[in-house]
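Note that the protein sequences, when read in sequence, are chains Z and L. For what it's worth, the working numbering labels the leading residue of the first sequence as 1, then goes sequentially. For what it's worth, the working numbering labels the leading residue of the second sequence as 1, then goes sequentially.
Do not take every clue at face value.
[To be verified] Just so you have them, the derived chain Z footprint on chain L, three or more residues with Cβ under 8 Å: (1) 438 to 448; (2) 453 to 467.
[To be verified] Residues of chain Z clear of chain L, computed beta-carbon distances all greater than 10 Å: (3) D5; (4) G19; (5) P25; (6) S116; (7) L138; (8) S147; (9) D177; (10) I178; (11) A180; (12) D195; (13) K215; (14) P246.
[Unchecked claim] Interface residues of chain Z toward chain L, partial, derived using beta-carbon atoms under 7 Å: (15) A73; (16) A77; (17) V88; (18) G92.
Since the hints were derived computationally from the structure, they do not count as laboratory data. Backbone N, C-alpha and C define an ideal beta-carbon position, used for all residues, glycine too.
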Amino acid sequence: MLKIDNLHASVEDNAILKGLSLQVPAGEVHAIMGPNGAGKSTLGNTIAGRPDYEVLQGSVTWNGLDLVELDPAARAAAGVFLSFQYPVEIPGVPGLTFVRTAMNAQRRQRGEDEISAPAFLKQVKEAAKNLKMDFDMLKRPLNVGFSGGEKKRMEILQMAMLEPSLLILDETDSGLDIDALRIVSEGVNALRRADRSMLVITHYQRLLDYIKPDKVHVLVAGRIVASGGPELAHELEAEGYDKYLPNAA
Amino acid sequence: MVAVKETVDTVAELERYKYGFTSDVEQEFAPKGLNTDIVRFISEKKGEPEWMLEWRLAAYERWLAMEEPTWAAVKYDPVDYQDLYYYAAPKTKEGPKSLDEVDPELLEIYAKLGIPLKEQEVLAGVQGAPKVAVDAVFDSVSVVTTFKEELAKVGVIFMPISEALREYPDLVRKYLGTVVPVSDNYFAALNSAVFSDGSFVYIPPGVRCPMELSTYFRINASQTGQFERTLIIADKGSYVSYLEGCTAPMRDENQLHAAVVEIVALDDAEVKYSTVQNWYPGDAEGKGGIYNFVTKRADCRGDRSKVSWTQVETGSAVTWKYPSCILKGEESSGEFYSIAITNGHQQADTGTKMIHLGKNSKSRIIAKAVSAGKSDSTYRGLVSVHPKATGVRNFTQCDSLLIGKECGSHTIPYIEAKNGSAQMEHEATTTRLSEDQLFYAQQRGLSEEEAVALLVNGFVRDVLQELPMEFAVEAQKLVAISLEGSVG
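Only chain Z is shown next, with the shape it has when bound in the complex (with noise of 0.2 Å):
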């Protein structure tokens, strides 16, 4: 179960979240929805542990484990994943590499054993073929000149790979097709499971087609204002955020 309650942060000195209180129990998918600029993306960092993103008051935990406390390295090795809005390029590292240097880092971690070269291959093969996506794309560097589409399959590639147990989705419809968004979510919904926790950070009502949320939770302004079923969705899409604007009474 993610936890997390009256969490305040702040970037580079401005505070962004204030106050926000949530919880995802195990086998849950929750919706984070909100306008521009309400701090769904700095949610999704904060729990990930990104370096200038303060907290300064309330607490995020992870199955009862204290996040805040721990670095970024350790909280994905606690299952924590974040699937980044922006993927980064990673000039002269192939993505079979990076991927395979990750689960070894995360195992080690945990004191597990290192993966085996023939045992990773074979798993590794297996998810891209489950994402359509080409094996030779893997041996190039990772990210490195792939479209939009490509990025984002390559991260739910790595969510595969790594079976976390948070899974936060920070945008990860933006930039993509209706072909692209159908494959992506297929991807999402096969990591679906009782022991697992989804977070959807998303703009648009569509994702939310292809990923069914068990509750929906609209963020206005650093804090949760609302929450309900996936019917609340609907209604944001229609309506829009303004009833929700502190200005709009």
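Chain Z is fixed; fit chain L onto it per the hints.
The following block gives chain L in isolation, referenced to the frame of chain Z:
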């Protein structure tokens, strides 16, 4: 208590530079200082022919008249040339050595360094690696050369240059100093006067050397300069790949290493020369470390000859080094692939010279500089085209990566085209290690140091790929080690 603290510090430091141990080997030294007596002493020790002594003395005279160069972008305390030992050798009997006759203590040192001196061994940590012949130079002398017999079967000569001077004096005399003349520069003149050992390689016409050749340099003795001389001759249509590695103990003093490497490539010959330079870089405060003042040059004399320099420079307090190619032959080609990593207080001024004299000669330069800590790195390069050299092509790419806010990186390319048909390309980039990339890798589970190592290895990948497999693995690890503590 002070001693305890020192021990603790030393151990902590050792983990960073694992080759920093000193060894108690019984050694003999020439008296300190430099004069004609020392030059004579070295020549006599080596049992050299008379002409060689004359050559050395002439070099010494030239050196006396020269001044230490100051144009490089490096700062260091002046070297007191009279306060150095110019000759230090482990005490062993003279004459040809087989492995059984080598001091077991020396063998142990090389085992500790991961250098295979037994012929059934391969480089440490690399399984299934092909055979590598090794010439091990310890301070001033070569202690053993492996696979000599096997190489001799195909006519390849691989031996200490001191031995070659006795066994093949005519061959050595014909080529020594023809690529790097005695008076080429201050350090080359010094080297010519006092060099005590190094490797000699001759590949006969049409022979493809059946294994990698390598020389492993170790400075052990205190207050001792190492002056090695390497001469490689690739006769017509031959091929050889040669590797060079170096380490030194950690000492508070700065030690001088002034080597000269000469390569001659005749028609259709190809030489690939790789260096992994890991001399002691000094401690975190910039105390101690090796002054690495080296002259390396290849003469592509023959038509269609080719020489490729690949260097991974991670060590030394100060590096001054420009492996170069004189492209005399028609359609000859020169390559320079370089990774220079500086951390702490290290300074490196390194690059290459490609002198195009032959028609349709080609050159390619890929230089990657990674600077961290308070270090400073300069790429300095010259590409020149002679008026009569038509159809020349050059491609140069210089990329710099900065880690942290206190380091510096500079690129100084000189381009001189005196023939209008030349095609030259120069690309240069300077980037800072991106926080976004670092966080991305950390989010996937890599520690900060692992993330830096991975990103830097990606940055230098184009050059790493040029290294022979046995060295690439080692070099990759070295990249990670040299950058430890560079962030955070």
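Results for each hint:
Coverage of the region 438 to 448 of chain L by chain Z holds [criterion: at least 3 residues with CB-CB distance below 8 Å; count 10]. Coverage of the region 453 to 467 of chain L by chain Z holds [criterion: at least 3 residues with CB-CB distance below 8 Å; count 8]. Separation of Z/D5 from chain L is adequate, the least Cβ-Cβ distance of about 23 Å exceeding the 10 Å criterion. Taking the minimum C-beta to C-beta distance to chain L, about 25 Å, the non-interface status of Z/G19 holds against the 10 Å cut.
In this structure Z/P25 is separated from chain L by more than 10 Å, as the shortest Cβ-Cβ distance comes to about 24 Å. At roughly 15 Å, the least C-beta separation between Z/S116 and chain L is larger than 10 Å, which holds for a residue marked as non-interface. Every C-beta of chain L lies more than 10 Å from that of Z/L138, the closest at about 15 Å, which supports listing it as non-interface. The Cβ of Z/S147 sits about 18 Å from the closest Cβ of chain L, beyond the 10 Å cut-off, so the non-interface label holds.
Z/D177, annotated as away from the interface, keeps every beta carbon of chain L farther than 10 Å; the closest lies near 24 Å. Separation of Z/I178 from chain L is adequate, the least Cβ-Cβ distance of about 27 Å exceeding the 10 Å criterion. No beta-carbon of chain L is positioned within 10 Å of the beta-carbon of Z/A180; the least distance is around 21 Å. The Cβ of Z/D195 lies farther than 10 Å from every Cβ of chain L, with a closest approach of about 19 Å, so its non-interface assignment holds.
At roughly 25 Å, the least C-beta separation between Z/K215 and chain L is larger than 10 Å, which holds for a residue marked as non-interface. For Z/P246, the shortest C-beta to C-beta distance to chain L comes to about 31 Å, beyond the 10 Å cut-off, and the non-interface label holds. Taken as an interface hint, Z/A73 checks out: its beta carbon lies about 5 Å from the nearest beta carbon of chain L, inside 7 Å. The interface hint given for Z/A77 holds, since its Cβ lies 6 Å from the closest Cβ of chain L, which is under the 7 Å cut-off.
Restraint check, Z/V88 versus chain L: the minimum CB separation of about 5 Å is within 7 Å; hint holds. Interface restraint check for Z/G92: the shortest CB-CB distance to chain L comes to about 3 Å, inside 7 Å, so the restraint holds.
Consistency note: the structure conflicts with none of the earlier hints.
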